Amino acid sequence: MTLSKFEEILQRFGPVVDLWPAELTEQALDLLQASTAAQDLFTRASTPRPHTGQAGAGEFPDETNVTHSKAVH
Amino acid sequence: MFQVNDMTNAFNFVSELHGNVDLVALRRPDRSEADIFASNSTGLISDREICQKLRHNDEAALRFLMDRHGAMVLRLAMNVLSDRQEAEDVAQEVFLSVWNNRASWVEGQAKFSTWIHRVAINKAIDKRRQRRSRPEASEIIASLIESEETGLSQTEQENSLVQLELSEKLAGEIGRLPETQARALRLYYFDGCEVAMIADQMETTEQAVRSLLKRGRQALRARLLKQKKTSADDAFEIRGNPSAVRASR
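Protein chains in written order, with numbering that gives the first Met the number 0: chain A, 0 to 72; chain B, 0 to 248.
Honestly, the hints are just simulated from the structure, not real lab data.
Take these hints with a grain of salt, some might be off.
30 Å max Cα-Cα, derived DSS-like pairs, lysine-lysine [stated by the list, open to error]: (1) B:Lys126 with A:Lys4; (2) B:Lys110 with B:Lys126; (3) B:Lys225 with B:Lys126; (4) B:Lys225 with B:Lys213; (5) A:Lys4 with B:Lys110.
What you are looking at is a predicted structure, and each value in this text was computed from that prediction instead of being measured.
I would like the entire structure built from these sequences, with the hints used as guidance.
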């Protein structure tokens, strides 16, 4: 499995392994164990995003929050 | 902030294996993180500084690391395992590994947080795969009994009821072995621990663990053979003695 495919899985299904398509799980876990880049992606996907209370659908809370924080400070 | 209570088991685990961890000092309610690291004037101590303290056997530093990284370690393990108990086991193993390797931990290319997250992911994947490769206790016991040394027939091997009965018997027999042998066998067969892990838990060498497992298996086989022989003798006695047959009805 390629790193981009792994990233696609993370984006589509999230970081909970049990929610990944069964036929891809083992390959994805193989990559996750072998690749530090995949581990970093997985960690990032597992990191809870700060709740801004302002982001709407389709927006990106993290970036919105950063921009907002900079404006405030 | 991560709730310390969630990691109590990890502390207990570390404490059991390393009696020098001063839990009382760590848990003193009047001793906050700020107190523990009051010497730090910046107010925000870095992982690098904590690891330096850890290298000097500072147990409070371990607690600080657990507070800081425990939630994320647990979350990573949960995402891989989807099982709270197993995820907590992984978290324990991760922090135990941190403590055990405190003297040798050297700042490398990766930050401490990156390193600990990677350890957590790897351990969680290992545990997930252990699940599949780890046979059920009854399967293990049955396979032990199925070995040629016990001399059971194919029909008996395929009879699940017999296996179940023997499994229970064998579990009971393990309890009658010397404590160290029984513990090693339980850890190996029931908990799926590797020899190295058992050696670590029992504070002995891998060679000693292998020896305990070997002697334990031999003792079990001997006991089972003896029981099998006794059962066969009983059956013969009943078959050969009409009054005994009547009495048995």
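| query | Can the restraint linking Lys110 (chain B) and Lys126 (chain B) be considered satisfied, given a maximum Cα separation of 30 Å? | reply | Measuring from Cα to Cα gives roughly 24 Å; hence the hint holds.
| request: Sort out whether Lys213 (chain B) lies within 30 Å of Lys225 (chain B), counting only the CA atoms. | output: 18 Å, holds
| Quick one, are Lys225 (chain B) and Lys126 (chain B) close enough, alpha carbons at most 30 Å? | 37 Å, violated
| message | With the threshold set at 30 Å, check whether the alpha-carbon distance from Lys126 (chain B) to Lys4 (chain A) stays at or below it. | response | 24 Å, holds
| query | Has the given pair, Lys4 (chain A) with Lys110 (chain B), been kept, meaning a C-alpha gap of at most 30 Å? | reply | Given that 30 Å is the threshold and the Cα spacing comes to 26 Å, the pair holds.
Of the numbered hints given earlier, the model fails hint 3 alone.
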